[in-house]
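Chemist: Residue numbers (our numbering), protein chains in the order written: chain E, 1 to 256; chain L, 1 to 694.
Please keep in mind that the hints were generated in silico from the structure rather than gathered at the bench.
Incorrect hints may have been included.
As the list claims (entries may be wrong) - Short, incomplete list of chain L residues facing chain E, as computed with Cβ under 7 Å:
| hint | residue |
| --- | --- |
| 1 | Ile340 |
| 2 | Ser530 |
| 3 | Ser536 |
Backbone N, C-alpha and C fix where the C-beta goes; we use that ideal spot for every residue, glycine too.
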Amino acid sequence: MTTLLSTRGIRKNFAGIVALESVDIDVEPGERVGLIGPNGAGKTTFFNCILGVIGIDAGRVEFDGVDVSGKRVHERARLGIGRTFQRIELFPDSTVRDHLVIADRARRNERKWFSDIRLLGRPRADELGRTDEILELLGLRELADEPIERLSLGQGRLVEVGRALMTQPRLMLLDEPSSGLDRTETAALAKTLREVQEHRGFAILLVEHDIELVASFTNRSYLLDFGRMLVSGTTAEVMASSEMRHAYLGDLEVPT
Amino acid sequence: MLASIGEDLFRAVLQGAPPGTVYALVALGFVLAYKTSGIFNLAFGAQAYVSAVVFFKTHTEWGWPILPAFLLSVVILAPAVGVLLEWLVFRHLRTAPPVAGLVVAIGLTIALPAIVDIVMNFEPKTGASIEGIAPRGNNVFYDVWDIYSFSRNELVAMIVALTATVGLALLFKFTVIGLRMRAVVESPRMTELNGINADRVSTAAWALSSFFAGLAGVLIAPRFTSLAAGEFFNIVVVAIAAAAVGYLVSLPRAFLGGLGLGILIALFNTFIPKWSNDFTWLRPIQSNLTPAIPFIVLFGILVFSPKVRQTQRASDPLSGVDPPPSSQTHVATDSRRITIQRVLGTAFIVACGVVLFTRGDTVWIFLATQAVALAIVFLSITVMTGIAGHISLCQGAFAAIGAFTVFQLADRFDMPVLVAALIGAVIAAVVGALLSLPLLRLNGIWIAIATLAFAYFFNAVMVKFSWVGGSASGAAASLPVPRPVVGPWDFNNDKVFLALVLIILVVATVAVTLFGLSTTGRTLKAVRGSEVAAQSIGISPARARIIAFSVSAFVAAVGGAMLALQQKAVNYDNNFSPFGALFWLVLVVTFGARRPAGALYGAAAFGLMNKIFLEGTFVGWILRDPGRIPGFFPISPKWRFILFGLGTIQYAKHPEGVIEMTKARSAERRAKRAAKKAPPVTATPATQVEEPVS
């Protein structure tokens with residue numbers, strides 16, 4: 001089986017400052033991988049490099065064995081990379097279901113003019129079925145016709161997940177999903193995410209500085225700091241490593 | 001030969017220096033306001049106009065001496081206007097999206113000249129020689145090097161502009177307020193955290209910037225042969241080009257940009273007539289290429305220089321703390337009410353139509369037809385701004401393409417005009433798509449500015465080609481267009497023609513509505529809502545933009561063709577000029593760009609408000625006797641500009657427009673009334689507002 005996502009020697013400079021220096025990671029199909037690091041470690045930069053939001057200065061990004069380094073953001077999304085946002089990004093003036101329908105139509109890339117006109121833009125029966133399935137999975141069924149302005153932040157994040165799921169991604173990139181949520185909300189989100197992931201079988205790359213969430217959610221992790229990959233291995237190994245302690249606590253001696 | 005070229009060069013530099021310094025002045029003031037408030041103040045030109053008019057009125061017409069007139073118009077009035085605008089309008093826009101500020105500034109561009117015209121009882125002057133701030137400034141000349149003779153006005157303008165620039169530099173470098181202004185530039189929020197009142201600093205910056213506007217207005221007025229708001233809007237576009245040289249944030253580079261543009265224009269003025277002896281194709285456009293230079297420069301900078309696209313806001317380290325603007329929730333209205341409203345609305349429109357067709361005289365039919373044709377054009381703004389979320393300032397050019405195509409095809413090939421209109425729309429769609437290509441990587445206000453540059457380029461260069469605007473002498477001459485005759489219907493009859501345009505409007509409205517509901521329309525709305533989120537689900541923003549531009553241009557061109565058919569001529573300057581087209585945007589945005597209704601109301605207001613309300617006809621109807629219309633009618637038609645120009649101010653808070661806002665308000669009131677009648681049992685989860693998301 002080919003590795004789903006692999007980056008080799010990713011390098012990114014911002015005006016002479018090295019933000020990323022030769023970062024390699026691998027994500028196998030269906031696994032949950034964490035990318036941790038303190039603030040300013042380069043996590044978000046790396047995330048944006050994978051997605052193509054910013055260009056890279058050296059290295060390559062391979063998705064499913066194909067070099068996607070030259071592809072644009074939406075093209076990578078079409079190949080099966082879904083994402084959520086740290087600062088939530090939803091479409092204003094639309095309902096929860098609208099979000100899923102638009103994603104579904106974007107994936108299938110079909111323009112049925114006649115049925116659009118006949119239904120005045122309302123979702124078609126097959127689309128209702130597919131969106132209901134995802135809404136059920138995420139526990140958003142009750143909120144299907146709510147405008148997103150009425151949702152809480154946690155629910156909004158789930159809508160983002162649902163929207164990404166509609167594109168049937170093989171890899172889901174989660175950008176600090178815990179930000180803005182308290183511990184109970186984070187735990188609830190993690191639970192839902194794990195259930196959905198086990199049910200659908202896509203891979204997850206979780207970018208997070210909430211160690212607790214990474215520890216409970218992922219099997220394997222990478223620790224990034226100052227643009228360099230410091231440790232990789234199982235999450236437990238990474239958490240126990242001295243580099244981890246150093247990155248988060250500096251030279252402090254931790255009383256044991 | 002070489003010596004003569006050298007002499008020409010030198011002369012061009014000397015000739016370009018006076019306007020160059022004034023452009024630099026405008027650019028400085030513009031950059032100052034942009035830097036300190038983040039507002040892209042297109043109303044800068046209008047502010048310059050205000051001072052120029054007051055100076056003209058007091059000095060030339062009322063015979064005040066120069067000094068008091070100058071003090072009143074520039075030193076007192078100009079900063080006062082700026083402070084007032086900052087206080088009433090722009091202060092509240094500091095955290096609004098940049099596009100909102102731009103729209104409001106466009107509204108003020110329309111409203112301010114109308115206000116000053118009414119207050120000062122001034123009518124735009126054409127063909128007059130306007131006095132500057134130097135006595136007999138246009139008539140005394142100095143020729144130092146025996147190459148180019150400066151008029152006294154030019155010299156004084158140069159000296160004053162340079163003095164002001166040096167003053168500004170000293171202020172910025174050495175005073176506390178200068179330091180604070182520089183701090184506010186970096187991050188207004190950070191400055192406030194340091195205990196500095198950013199509002200006060202911003203007010204000071206606006207006062208200063210507006211002083212520059214007024215000064216520039218008075219200094220540049222003698223260069224124009226007419227004192228009209230459109231001319232002053234031109235200079236702000238020139239200033240944007242100059243400011244773009246300094247990426248909109250560098251004051252020294254903005255100054256150099258302004259000076260450079262002045263000289264560049266002078267160079268072209270000197271050399272193009274010589275080249276056109278060798279290159280005949282230059283001949284028809286030689287006189288028009290020079291005014292187009294700033295727009296070409298601006299367009300070029302926008303398209304080819306990536307740095308200018310990074311808006312200043314992005315660099316503010318604390319920009320993330322601002323809450324995103326609240327968006328509108330759906331207005332939930334019960335279906336019975338909607339049905340009643342629809343029935344009543346339809347009945348009203350049908351009644352109006354019947355009265356119009358049976359009893360309307362030529363004037364009424366003319367106005368109604370014009371409004372209907374304009375409504376088609378306005379629908380293009382619904383597509384561009386309402387659905388796709390772009391502010392385009394070149395809808396006039398798109399409409400003009402439709403009109404010109406009808407003229408050309410009918411004139412040269414005797415083509416049926418309705419077919420020609422369709423071809424014109426297709427051509428406009430292609431032009432729109434092509435135009436959107438270089439703009440793909442721009443966003444927000446930059447699209448507005450680039451389209452504005454295109455509109456002025458079209459206005460200055462394209463229109464003058466014989467294969468576009470007809471005659472080589474320019475577009476001032478109106479080009480005759482025949483009305484169509486199809487089978488038994490002769491559309492030379494105005495009522496029959498009105499029926500035709502109405503049918504086209506209905507088709508266009510339905511088409512635009514369906515477009516908004518279709519998958520493509522929803523895709524555009526998704527990109528409008530969040531470009532990054534749209535990309536993340538595989539939507540191509542580039543494709544969305546191309547579609548938006550071509551569909552919008554298509555609709556605009558259909559409307560433009562209808563306007564031409566209605567007037568039986570292409571009156572480019574009256575109908576499609578870039579400055580005039582600003583008012584279109586203002587109208588549609590005020591009423592609401594999100595739905596076609598806004599376009600329809602906007603067109604009705606444009607075409608009929610003057611006749612019905614301002615001329616007092618409506619009061620006459622109520623009093624049942626035109627003879628009893630009170631004496632203060634007719635009111636100046638300029639009130640339209642003031643009303644709708646100021647109407648854009650609510651755009652920042654209510655981008656959905658007046659119509660939707662009123663609906664939401666009345667729905668709220670009904671809900672409150674209902675809540676009073678029946679004591680609330682329990683709040684249902686559906687109405688419970690949790691922590692808002694976006």
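Chemist: Would the stated hint for Ser536 (chain L) survive a check requiring a Cβ distance to chain E of less than 7 Å?
Modeler: 5 Å, holds
Chemist: Let me know if the C-beta of Ile340 (chain L) comes in closer than 7 Å to any C-beta of chain E, holds or violated.
Modeler: 20 Å, violated
Chemist: Should the interface hint for Ser530 (chain L) be scored as holding, given a Cβ-Cβ cut-off of 7 Å against chain E?
Modeler: 4 Å, holds
In this structure, only the earlier hint numbered 1 is contradicted, and the remaining ones agree with it.
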